[in-house]
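Residue numbers (this note's numbering), protein chains in the order written: chain A, 15 to 301; chain B, 621 to 893; chain C, 8 to 294.
Because the hints were derived from the structure by calculation, they are not lab data. Glycine included, each C-beta is placed from N, C-alpha and C at the ideal position. There's no promise every hint is true.
A short list of chain C residues far from chain A (calculated; beta carbon distances all over 12 Å) [claimed, not checked]:
#1 N33
#2 H49
#3 D75
#4 G121
#5 K124
#6 G139
#7 E177
#8 A180
#9 L182
#10 G186
#11 E213
#12 I230
#13 D244
Only part of the chain A face toward chain C is listed, based on derived beta-carbon distances under 7 Å [what the hints assert, rightly or not]:
#14 H59
#15 N60
#16 E181
#17 A192
#18 M193
#19 P196
#20 H222
#21 A260
#22 L262
#23 E288
#24 E289
#25 E290
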Amino acid sequence: MSVPFIKVEDLIFTYDDEDNIDKHYVLKNLSLEIEKGSFVCVLGHNGSGKSTFAKLLNMILTPDSGKIYIDGFDITDPEITENELFEIRRKIGMVFQNPDNQLVATIVEEDVAFGPENLGVEPSEIRRRVDSALETVGMSAYATHAPHRLSGGQKQRVAIAGIIAMEPECIIFDESTAMLDPQGRKEVMNTISKLNREQGITVIHITHNMDEAVKADRVVVINEGEVFLDGTPKEVFSNVAKLRQAGLDVPQVTELFYDLSIHGVDLPSDILCEEEGAEILSAMLKK
Amino acid sequence: MLKDITLGQYFPGKSFLHRIDPRTKVISALLYIAAVFLCQSIMSFIILLAVTLAMIAVSGVPVKIIVKGLKPLIFILAFTTIYNVFFYTGDTILFHWKFITIYLEGVVFAVIMGLRIICLLAGSSVLLTYTTSPIMLTDGIERLLSPLNKIKAPVHEFAMMMSIALRFIPTLVEETDKIMSAQKARGADFSSGGLIKRAKALIPVLIPLFISAFRRASDLAVAMECRCYRGGSGRTRMTKTHFGARDAVLFALTIILGVSIVIVNIYLPIWVI
Amino acid sequence: MTKLKLVDVNYTYSEGTPFRKDALRNINIEIENNCITGLIGHTGCGKSTLVQLLNGLLSPTSGEVIFDGKNIAEKGYDLKTLRHKVGLVFQYPEYQLFEDTVYDDIAFGPKNMGLDKDEIDRRIREAALFVGLEERYLEASPFDLSGGQKRRAAIAGIMAMDPDVLILDEPAAGLDPIGREEILGGIYSYQRKRKNSVVIVSHSMEDMARYSDKLIVMNDGEIFMQGICREVFSEADKLMSVGLDVPQITKFMRSLKSKGVDVRTDIFTVDEAKAEILSKMGGCGNA
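Extracted from the complex, chain A is given alone in its bound form:
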């Protein structure tokens, strides 16, 4: 494998927020590499530094020290030009938590066009991209609707379409499912998986919901500003005690298997889904 798509080295960041009564959130010595085309879930409790990490990746925030390379290009270089900066933002799209606060236009398709318009894309090409982006997220039928009449999940899908229309290589979902109901969450998660599978877009999904993390290729747990656990979902979730220490949940079946093994029952620790678990336990009980 050649250079990783994203490479982060010894990232340090402190929040200079004197008004805040609690401690300043810090990223300390965060190092991470992300391969092109992967689906990475960044898991952590609120205030663990996971959202800060996301905002550093496209230079919405600047680190105190440390390096960030995108496709081998050092974006923390103080000499970076405005054009280079905007090229990074085009390559690494970002979808935020509150669907209402990222839609600019009063008509869905005009909102999707906002990004490509900023990039100076030809009008006929913008039209093509908008139509195809809305198609991808399954919102074509709502192209001429007003965003404020849509459900949370639909708004979030429009926001995703707005990013896809900029033809990014990577999309960061900064807790994009946190404010949605289960239905909206499902819609958005399906869209995310689809983008990763069908279009090869690198996905960095930031969440504190473990059900969503199960669907990723790789799970990175950030705690106290550092990488705490890193591996496939099965590898990460088998560390039940450690995850609890980081303020996170595990799937109920994983928890059950963990509790049973504490009682001396010999069971694997990396079971995530109920079918798989039932298979193993039924074989054991019927013996």
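Once you have looked at the hints, place chains B and C on chain A.
Coordinates of chains B and C only, in the frame set by chain A:
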């Protein structure tokens, strides 16, 4: 309820009027408004009414929606009508009882004034807000005003601000409703007491509303930056608007409307006001 | 004992306009004293409308809302006092904070009730304790708190009104696992101590399984199921038929049973599952 405000909302469609360049529509609307004020005789009002109804028919916007949009005007309409009916003096007495005298001219004048107000609002909103999305509208205004860029007026920024305001009005209206309900649940009382007490009662609504608006604004600014927004320069638009045959037609029609109203005023001066 | 009940309630939005929508149909429910009732259903199923009927913010199109045996629609009924007795915490209540200090903000409700200063002070401190808000936060500005702390302050504001019925619309929405547990756990112990009536609106079957005594399931403007948790969860098929989820552990037990292991399927917490499986293992002499 606050949510019921529909005045000035876009009604998506693909009619003749929808497809016209917003710049043409802005100019035509100005001409139309001038024509409304030029109307002086009953004949010219008939023409105006016919044209306005034709525009509504062409636009495909349901009459129901337009009537609903006129609702906020009921008070003004009622006031002007009553005022004119009772206080306008003329020659032909229609009705007389004690100190109340109603003249035929008064009734005619009241009807005409009412029609003028209705046509003014319905016509200009069919030409502009109902058939032009707010973004197209601000875009049109931006381009009409673009010569002002030469004297360094921030025309693009102004247009952007306008369209974002339009985008967030419904969101903030909904939020106001929600905060009011929440404070009511905490025993706040918005509907009793004197003026000062009522104004004070709004503090628990206004502070959260402002804070939320600022939070939204800063979130939106970050989101716009992430979508590579860097001001007006180098920006393209998806809907490339250019003047075409349609625009010429609408333009010609509004000129004809104006001219015919003037001619009718001069040559058919029936019930001139 | 029934504290609050709805009898044949219907509610229609925008009656007489093209936007007319039946939000609630034929609602008959009883909210009992000394009980935590979970209210579950999809977004748009009418939950939010229903809770606003319960404290008189909305009035039913037809039917009766009975509080303490009295119809609240009766002439001369004091709705203001009703709102003191039936407290309602809206979704994302942190967005209603407005005072200079957390202390003053919690005091807003009790002050509107016309209580004296000492009583207000006592209630503020008690409510802060229930939600786990430390003393030192009381003098801080609510806007300097973290998201989770703001949420607690807002909930304390209603608890300090000492309502007979406390209704919370998605009190844990958007919080991470620790935040959820602390908020819901706080509400739970508050109810157990106060022995009043608490209604929690939620999307999370797992949370409701842990914290509620009774469940009301709504679907499409109607009451779909109601009863104690065990009864409701034992009809998993029925819940899933309208697209609602049951806790993963319940699904796991069902799967185990379908594989021929004779286990109970009316289980909805990990601890119960563990006990059941361990007893089966003891029975087989396998552990």
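For each hint, the structure was consulted:
Distance check on C/N33: its Cβ is at least 24 Å (rounded) from any Cβ of chain A, clearing the 12 Å threshold; non-interface status holds. For C/H49, the shortest C-beta to C-beta distance to chain A comes to about 6 Å, within the 12 Å cut-off, and the non-interface label is violated. With a closest Cβ-Cβ approach of about 33 Å to chain A, C/D75 is found to remain outside the 12 Å limit, as its non-interface label requires. Its beta-carbon lying about 32 Å from the closest one in chain A, C/G121 satisfies the requirement of being farther than 12 Å from that chain.
Distance check for C/K124 against chain A: the nearest CB is about 26 Å away, which clears 12 Å, and the non-interface claim stands. Consistency note on C/G139: stated as away from chain A, and its beta-carbon is indeed over 12 Å from all of that chain's, at 14 Å minimum. Not every CB of chain A is more than 12 Å from the CB of C/E177 (nearest about 9 Å), against its label as outside the interface. Interface exclusion of C/A180 from chain A breaks down, the closest Cβ pair being 7 Å apart, not more than 12 Å.
Not every C-beta of chain A lies more than 12 Å from that of C/L182, the closest at about 7 Å, which undercuts listing it as non-interface. The non-interface label for C/G186 is inconsistent with chain A: the shortest C-beta to C-beta separation is roughly 6 Å, within 12 Å. Some Cβ of chain A comes within 12 Å of the Cβ of C/E213; the nearest lies about 7 Å off, and the non-interface call is violated. Remark: the non-interface label on C/I230 is consistent with the geometry, its nearest Cβ contact in chain A lying 19 Å away (cut-off 12 Å).
Every beta carbon of chain A lies more than 12 Å from that of C/D244, the smallest distance being close to 15 Å; the non-interface claim holds. Given the 7 Å rule on beta carbons, the hint for A/H59 holds: about 4 Å separates it from the nearest Cβ of chain C. Proximity of A/N60 to chain C holds as hinted, the smallest CB-CB distance being about 5 Å (cut-off 7 Å). For A/E181, the interface hint is violated, the least distance from its beta-carbon to any beta-carbon of chain C being 31 Å, above 7 Å.
At a threshold of 7 Å, the smallest CB-CB gap from A/A192 to chain C is about 5 Å, leaving the interface hint in force. For A/M193, the shortest C-beta to C-beta distance to chain C is roughly 6 Å, which falls under 7 Å, so the interface hint holds. Hint status for A/P196 relative to chain C: holds, with the closest Cβ pair at about 5 Å, below 7 Å. The interface hint given for A/H222 holds, since its Cβ lies 4 Å from the closest Cβ of chain C, which is under the 7 Å cut-off.
Taken as an interface hint, A/A260 does not check out: its beta carbon lies about 9 Å from the nearest beta carbon of chain C, beyond 7 Å. Contact between A/L262 and chain C, as hinted, is supported at the beta carbon level, the nearest pair being about 6 Å apart and thus within 7 Å. Because the beta carbon of A/E288 sits about 4 Å from the nearest beta carbon in chain C, less than 7 Å, this interface hint is met. Taking 7 Å as the C-beta contact cut-off toward chain C, the hint placing A/E289 at the interface holds, the least distance being around 6 Å.
With a cut of 7 Å, the hint placing A/E290 at the interface with chain C is violated, because the nearest CB-to-CB distance is about 10 Å.
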